[in-house]
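Take the given structure of chain A and dock chain B with the ligands to it, following the hints.
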Amino acid sequence: MTSLPADERIAGAGLLRRLLIRPELGSVVGAIAVFAFFSSQSPVFRSADGVANWLDPASTLGIMAVAIALLMIGGEFDLSAGVLTGTTGLVMVTLATKYGWNLWAAMLAGLVLALAIGFANGLLVVRTKLPSFIVTLGTFLMLQGLNLGVTKALTGTVQVSGLRRAEGYDGAQALLAGSVTVGGVDFRVAILWWIGVTALATWVLMRSRAGNWIFAVGGNEQAARAVGVPAARTKIALFMTTATAAWLVGSIMALRFTSVQANAGIGQEFIYIIAAVIGGCLLTGGYGSAIGASIGAVIFGMADKGIVFAGWDADWFKFFLGAMLLLATLANRLVRRYAEEVRR
Amino acid sequence: MTPPLLEAREIGKTFGSVIALRGVSMLVRAGEVTCVLGDNGAGKSTLIKILSGVHAQDSGEYLLDGTPVRLGGPREALDRGIATVYQDLAMIPLMSVWRNFFLGSEPVAGPLRRFDVALAKRVAREELRAMGIDIRDVDQPVGTLSGGERQSVAIARAVYFGARVLILDEPTSALGVKQAGVVLRYIARARDRGLGVVFITHNPHHAFPVGDRFLLLNRGTSLGQFDKDAITREELTSLMAGGAELDDLAHELDRHGVAGPAPAEGSAAEKEPVNGDEPPGQGAGGEPALGRRPVED
Ligand SMILES: Nc1ncnc2c1ncn2[C@@H]1O[C@H](COP(=O)(O)OP(=O)(O)OP(=O)(O)O)[C@@H](O)[C@H]1O
Ligand SMILES: [Mg+2]
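Line by line, the protein sequences give chains A and B.
First residue of the first sequence? That's 1 in the working numbering, and the numbers climb one at a time after it.
First residue of the second sequence? That's 1001 in the working numbering, and the numbers climb one at a time after it.
Derived from the structure by calculation, the hints contain no laboratory data.
Model, not experiment: these values are computed from the prediction.
For each residue, glycine too, the CB sits at the ideal point set by N, CA and C.
There may be inaccurate statements among the hints.
To give a feel for the contact side, a few chain A residues facing chain B, derived at Cβ under 10 Å [as the list claims (entries may be wrong)]:
#, residue
1, Gly196
2, Ala199
3, Thr202
4, Trp203
5, Met206
6, Arg209
7, Gly211
8, Asn212
9, Ala216
10, Gly228
11, Phe257
12, Gly267
13, Leu282
14, Phe309
The following block holds chain A by itself, in its conformation from the complex:
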């Protein structure tokens, strides 16, 4: 401790550093760069129609990335989140078409199932203390098998379809899979859900007790427990949140296409994690942001559609993702180091 007055010691490390230490900085810079790049390649990309077009994949991915970001800040992974979007969609469509359920009831059944799976994931992780990577890898494989096995047994094919005929379809479709027209351009309504989810998650993280607990259990679970944070409850709730997001996205997708493939969602789980990491989440937990994960999803959406707009082969998408991931994580790390050094 020095005898300098408090103000003098923080002088010179003001606004710029405060901005730099934000976890989402890397993703913001990345998003601007990617936007500038594709805009220069294709005028359609930067038109309102183009924006509506690439915000669409960003929205469903963003909902998942935000939930995964919360879970990662809480120090855990969920590899079953992708395939769970398929499971909830399959359950909903099967109940509504094969068993004649009202669509809303079928959706509710999907939610109950998702919550049960999220709870089981969380309980297994906190009880066994096994890494969530392994536990949810197990759930992932089991769900993958179930999705295929049950769908084949029931329909003889690898998809369920015909949701349009279900009772209550029109209302649900408008709510989750419709579009809103702004200035003559159609935007998917899922974009609104995505913004809502991001806003809610940000509020929870920054302005609620639960948010403080999420950072704490991810930063140092034992220390958190020692000051009375309900660590197990927080983690289980996070897994259930991820599952709820998977249900929301699964329902949006099912209503949009009125059918679900038995292999839907498989392979997406890593994309969610990548978006969250680009958005500033540490793989080790305890640090990250919901807005960052959303911006990570925007980068994905832009790359996904931008490559098409620019007239390139879609194969380049994966290369692009890998490069983005490396660049963003490197930038995040450098920035964090710099910010912490300035503080000393």
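Frame of chain A, contents of chain B with the ligands only:
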């Protein structure tokens, strides 16, 4: 006489085949500092983890205000006014000072029961200042604080949340002479506010100036509990395993004009007091600001 705030009788604890504690008794009274001394692995941390509800004892009795209790967990200990600052798990480095300060006891406001961030920041700043802790910015991550600042924040937090018993696990072990002195001052301040303090250390030169009672542990067993007037600093030092040898080593190294090794730095500093005009509390031997009563009687 009122019963002691906290009492442990013949506490025992095993981890599988490891006997971590056997027949250890101790006493904590309000406004007094009970020091627990012992070498590495003596069982100090295990003992205070039992007191703070992290572990349950396998044998013996644990009494609060004279009544036997069995704590269900750290939360229950906190609710009963027993706050602990751990050696290994004190705070969460990536979280800001104010978030750490209120972790687990966040103030809420409004119909949504939101975390009252403005209140949390203000109270954290005020409380730290009231304890004389000068933190640059309560928004900075705890990981960027020095070790002494970190311990001080944890102590201020415990005092603010109305702890009656404050348990500190080696708060000074990783600190330099000055920083250790700062922490010792906060211990004295907490004691003066009427808290019962349990201070774990393996440095008798840190313990002696603030302690009212000394419990010595060696390989899981108690070497006895001594009141301050029943033991001298020299006796305390030599009772500690290896303490005497370290002292000799310090003497020897001093003669050759080399600074003493880290574990003996307290004794080295004591023999050659640093400039008297520095702020109080700088010496690990803890002179002026530390004691209500004379340090050496
Ligand atoms: N959870 C545990 N499982 C198994 N053994 C343990 C556990 N906790 C402590 N021990 C053992 O109990 C003994 C006492 O450990 P403890 O941490 O209480 O020592 P300590 O006096 O705090 O030492 P130090 O000065 O190094 O902090 C050690 O031999 C340690 O290995
Ligand atoms: Mg210890």
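So, going through the hints one by one against the coordinates:
1. Gly196: This interface hint is violated because 16 Å lies over the 10 Å limit.
2. Ala199: At 14 Å from the nearest chain B Cβ, Ala199 of chain A fails the 10 Å test, so the hint is violated.
3. Thr202: violated, 13 Å
4. Trp203: This hint holds: Trp203 of chain A lies near chain B, its Cβ roughly 8 Å from the closest one there, short of 10 Å.
5. Met206: Hint on Met206 of chain A: holds, closest Cβ of chain B at ~8 Å, below 10 Å.
6. Arg209: This interface hint holds because 4 Å falls under the 10 Å limit.
7. Gly211: Holds, about 7 Å.
8. Asn212: Holds - the Cβ of Asn212 of chain A comes within 10 Å of chain B, reaching about 6 Å at its closest.
9. Ala216: OK, holds: Ala216 of chain A within 10 Å of chain B, min 5 Å.
10. Gly228: holds, 4 Å
11. Phe257: violated, 37 Å
12. Gly267: violated, 31 Å
13. Leu282: holds, 8 Å
14. Phe309: Violated. Min distance 39 Å.
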